[in-house]
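Please construct the entire structure, taking both the sequences and the accompanying hints into account.
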Amino acid sequence: MASRNTIVAHVEDRPGVLARVASLFRRRGFNIESLTVGHCEEPGLSRMTIVVDGDDHQVDQVCRQLFKLIDVVSVQDITYAPMVDRELALIKVSASNFNRREVLDVVEMFRADVVDVDADALIVQVLGDEGKVDAAVKMFEQFGILEMVRTGRVAMVRGTETTKPPAISDSQQAAAAIRAMLGRRPEGALPFASD
Amino acid sequence: MRLTGARILMECLRAEGVEVFFGYPGGVVLPLYNTLGEYPDIKHVLVRHEQAAAHAADGYARVAGRTGVCLATSGPGATNLVTGITTAYMDSVPMVVLTGNVARDLIGRDGFQEADITGITLPITKHNYLLMRASEIAPAVKEAFHIASTGRKGPVLVDIPKDVFIEEAEWDGYPQGVSLRGYPIMDVPREEEVARAAETINSAKRPIVIAGHGVVQSEAQRELVEFAERSDTPVLTTLLGISGMPEDHELSYGFLGMHGHFYANMAADRADVVIGIGMRFDDRAMGRFSDFNPTAKIVHIDIDPAEIGKNFKTHAPVNGDVKETLSRLLPQIERNTHPEWRSEIDEIMAQHPTDYIEEGTGLGGPWLVRALAEATNGEATIVTGVGQHQMWGAQYYPYTKARQWVTSGGLGTMGYEVPAAMGAQFAQQEPIWSICGDGGFQMTSQELQTVAEHNLPVRFAIFNNGFLGMVRQWQELFYANNYHSVDLGQPDFVKLAEAYGIRGVRATTRAEAMQVFRDLEGYDGPVVIDFQLEREENVWPMVPAGAALSETIESAEDL
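If you read the sequences in order, they're chains A and B.
Residues 909 to 1103 in our numbering are what the first sequence lists, from first letter to last.
Residues 3 to 561 in our numbering are what the second sequence lists, from first letter to last.
Treat the hints loosely; a few may be bogus.
[Claimed, not checked] Simulated crosslink set (DSSO-like; lysine-lysine; CA at most 27 Å straight-line):
| hint | chain 1 | residue 1 | chain 2 | residue 2 |
| --- | --- | --- | --- | --- |
| 1 | B | K325 | B | K312 |
| 2 | A | K976 | A | K1072 |
| 3 | A | K976 | B | K312 |
| 4 | B | K325 | A | K976 |
| 5 | B | K497 | A | K976 |
| 6 | B | K315 | B | K325 |
| 7 | B | K325 | B | K144 |
| 8 | A | K976 | B | K315 |
[What the hints assert, rightly or not] Over the 10 Å line for every Cβ pair with chain B, so calculated as not near, a few chain A residues:
| hint | residue |
| --- | --- |
| 9 | L943 |
| 10 | F1051 |
| 11 | R1061 |
These are computed hints drawn from the structure, not numbers from a lab.
As the structure is a computational prediction, the values presented were derived from the model and not from experiment.
Even for Gly, the Cβ is constructed at its ideal location relative to N, Cα and C.
Here it is as structure tokens:
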């Protein structure tokens, strides 16, 4: 079943890391929907949220190939985990004295914010999961969207569980932790059993 | 102690125990060459083209079982390495590649002889570095050797700008260890995975092992034999796995694949459990994926977790080093016998032996490899190029010692045979036999000069049929004899050898070939032998491109 999958990776915060990841995706022909990078709770590491199209096998390959990069410290597929995911969009909507009220009604419906106003346009900030952002975009289209930017998905697993990378004090433990991460598909720790 | 970047680099190589490296100087690496005289214990071999430096380091690494090292200048020097780096990457050969780059303030400004070699080699190295300070050299070189030689081995490139070679930094000895959080050593397999594999193997009725390069690299020949004997499992190898299983063993059934042994392909196709060990289920080995033995359960032991499940659904995956895994698996393997299964394969072997040797007095590829095997008592280290001669070398020589077989498998690099054999010769005293194609030989024959300078006893046996043989075979079989661009003109190879001051000989009949083998006994210099083969011999058996292993053919009539 092809679907949108969410992968969280921690990478060393070094020059060229993004190029390595991008080069890997290009070479292996992985279909990436979005990729966001930013700082995380640990200095020296960046956190990537990657949304990838594909079936379980393809996503498993993405994770395993990603982890082969030396600068990639951890990779987890959290598609099947309970999680919170968010995206932010800035949408410049055409709005004049004649219809500004209507636009603002839509803004209110989506609990969005107006972050800039001009005589003939507004910038609306929409925050939510992708479904909500999609719906908002569709509604604003009737007024005319002059410009738009979406950040792509960021995600976090609910509860006390984290996607933090393992520490490396013990290489065997690190290997075990990584193997557990790479095997987190629903069929369990042994991937792709034929029966 | 403060040292220049160039000295720090050389101190690192010394600390790693590097005895030889292959290189070619140029503008930006001059500060490094300026210090080489102070490190006479680290032999620098001056090649005649940078591609050869990479292949030589690769050949050395495969025969010595150590990390090969090569060096080139910036720009064209670095880009000339690319084919050699890719060759090593595809075959998981441990290599540290050193390149110079333009001075730091010129990087990114298209300076003279600037090439973005770290960018270029992103997809063909296990990892790479661009060092912007002399103080980064020691830790980076330590990491480079560590990464290249552990896990799934491979090439690592270290790019150093000219002024970083000149800059001074504190040297307080070679780093003791590395701290690579994203690179844990995954040698030891998980117990539950080993148990599941053992259970699958113990309940098999028609098991088969496919042993790959990982067996050779992990030095697990002994463990493999013990495993095969205990479980009574016939062993096939991949092309690169050749020499991982002693071929004089009764459980050795040759190698499988596009030009593998007929019985090996049939055995792989009829097994109920396929045990891949240190191999990656490559398309040239397995034939058409969708029709490879669909009912077999697959057990896959590999150091690289990304290889497991990549091409086939795996019933019992085991992520771990081959030697570590086999030694943990062995106690759980029940003593077993499979007489019916063995005799089934033996029968196929009796009916379809690998014996496609034509009668007559002329030189044919299979006859020549067999004669070479007899002349060298089956003990020579064989290096090949890519094509028909490579396949004959794989099919007809009886390999018994690990690392006795060196070939470019994954990338299939023509021209590999000359520099790789040259590099390999630095790893052993006994003469290396380089089985060359007349096409491949012409791609890299400039290295005869390097070979002559070092008086290396390499035997370059050119299997000369005047054709780009494998391509010609395909044009004959699949393109209705429409030969195009395969009839290779060539120089007089004997005179060419002599021009380099190398002994050159020619043989056109079987009797002459036998005489050549006798004449060379005890000769300790390089030799080029022009074996003039019959022109249009084909390699059999064959799995046509896109066919399944079960569709292996043995002659053009089977098409």
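Structure-based check of all given hints:
1. B:K325 x B:K312: OK: K325 of chain B and K312 of chain B at ~22 Å, within 27 Å.
2. A:K976 x A:K1072: This hinted pair holds, its Cα atoms lying about 18 Å apart.
3. A:K976 x B:K312: holds, 14 Å
4. B:K325 x A:K976: holds, 21 Å
5. B:K497 x A:K976: violated, 49 Å
6. B:K315 x B:K325: Distance of about 23 Å is within 27 Å: holds.
7. B:K325 x B:K144: Holds. K325 of chain B to K144 of chain B sits at ~25 Å (cutoff 27 Å).
8. A:K976 x B:K315: holds, 20 Å
9. L943: holds, 17 Å
10. F1051: At about 44 Å from chain B, F1051 of chain A clears the 10 Å cut-off, so the statement holds.
11. R1061: holds, 23 Å
Violation of the numbered hints given earlier is confined to hint 5; every other hint is satisfied by the structure.
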